[in-house]
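Engineer: Generate the whole structure from the sequences, applying the supplied hints.
Given next are the chains, with one letter for each unit.
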Amino acid sequence: MAEETVLPSVIARSNGDASADSVRRQITALLPRLRRFALTLTGKPSDADDLVQDTVERALRHLHQWETGTRLDSWMFRIAQNLFIDQVRSKKRASAVMVSSFEGAERVGFDGTVRAEARIAFTDTIEALATLPIDQRSAVALVLIDGLSYRDAAQVLEIPIGTLTSRLARAREALATRVLGRKAEN
Amino acid sequence: MYPTKETLSAFIDGELDVAERAQVAALVESDPKLKAYIAEQEELRATLHAAFANVIAQPVPEHLLATAANAPISLRVRVRRWLGVTQSTGNKGSTGRFVAPALTMALGLIIGVAVERGSSSTSEFSVSSSTGGIVASAELGQTLDQRLASEEQNGATRVGITFRDRSGAVCRSFEVSRDSSTTNGFACHRGGDWQVGALVSRPPSGPTPSYGLASSSMPDPIRDAISAHIEGVPFDAASERRARDRGWN
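So the protein lines, in turn, are chains A and B. If you read the first sequence in numbering that gives the first Met the number 0, its first letter stands for residue 0, the second for the next number, and so on. If you read the second sequence in numbering that gives the first Met the number 0, its first letter stands for residue 0, the second for the next number, and so on.
No lab work stands behind these hints: they were computed from the structure. Each hint should be verified, as a subset may be incorrect.
[To be verified] Here are the in silico distance ranges between beta carbons for each label pair: (1) B/S176 with A/S89: 23 to 31 angstroms; (2) A/P159 with B/A65: 35 to 43 angstroms; (3) B/R177 with A/S89: 54 to 62 angstroms; (4) A/G68 with B/S29: 41 to 49 angstroms; (5) B/A137 with A/T27: 24 to 32 angstroms; (6) A/E66 with B/S125: 15 to 23 angstroms; (7) A/A173 with B/S238: 51 to 59 angstroms.
Here a beta-carbon is modelled for each residue, glycine too, at the ideal position from N, C-alpha and C.
Structural biologist: Listed below in structure tokens is the structure:
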């Protein structure tokens, strides 16, 4: 980290001062929700944690872009979402094949010891989410799973509320068939 | 009127206003198909929640906690905090406008004090014959010319940060410790001189910090003055060295 060594020591040291600690604590408290959001997007626990790691690093490095007084969670969700879209795009460019990011999704959650029942529910849900376009998947992750209001979710995704509402309606339709439909077959 | 899927979606998520909600609720109550749809959607939400409940319940992996605790923080935020500036970058202009008038008054005061003390106790400062302003001289002038902040700084004169001010001049903050007083300030390089932008002298406060220019030792008026004058962020060591090699121009 070049800037750590070359800066006047007073500023280099402030990487861990009181106000920095407060932001770090807030970010730490957000980690479970960020992991869940990232898992909803990527469908794969290891990819999800990589995405969270990148998100946290970027958020701290670009902390000057966060406007004090606005929601830290919304801002970090947006970073995660944008990083994920970038990743998907660059993968697409690299392979010229649209590979679902859910392909090869691990059959277990973060915790390898989940109960079989929960595992089936998790895998089915993950597979159903994988069939959704990314913009619908994010809407589901933020509203249905994280419980954000339409206004907050629309802000994260930088879209009008009307657009969010129609994405949600379409996603609901698709998921009802796949998640609940598959469950009925079991 | 049959509600659209969008309206139903907003109904389920509690996003309708009171009147709309009552309207849709009445429709749902009277229509078994709608009722079934709502029930199905509630089940979907519960299923989604259950599928991801595990992630929330689990301890966060160590490496992510470590990243949150230690990853480097934005340089600009650190500089702003160190300078005591709370405004976000978007308000840069208004910060300048707000600080400037206060600063003009403060500067007159500060410089008055410095000259008074300076003339009696030290020869670090002199009055420029060409501009009439205060310039750094003697040991301070030499130190500002030669010393890099990253070098060993054990003497009475120490250099802090180097930055460019809004007029494009290179400026450096300093601290001069004498038995009778400690003087903090910054000076900008113009026309071959280090012209003093702000100065504060105060009696030595107890045992002097043993090493370095601790942020707590920089008086507020100097920080305010620097934050009003600085353009961008302070130089890193490489830029500081390049600036010295170019004669601080």
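Engineer: Take the hints in turn and mark each one as holding or not.
Structural biologist: Structure-based check of each hint:
no., hint, in the structure
1, B/S176 with A/S89: 23 to 31 angstroms, "54 angstroms, violated"
2, A/P159 with B/A65: 35 to 43 angstroms, "39 angstroms, holds"
3, B/R177 with A/S89: 54 to 62 angstroms, "59 angstroms, holds"
4, A/G68 with B/S29: 41 to 49 angstroms, "46 angstroms, holds"
5, B/A137 with A/T27: 24 to 32 angstroms, "51 angstroms, violated"
6, A/E66 with B/S125: 15 to 23 angstroms, "46 angstroms, violated"
7, A/A173 with B/S238: 51 to 59 angstroms, "54 angstroms, holds"
Comparing the model with each numbered hint stated earlier shows that hints 1, 5, 6 do not hold.
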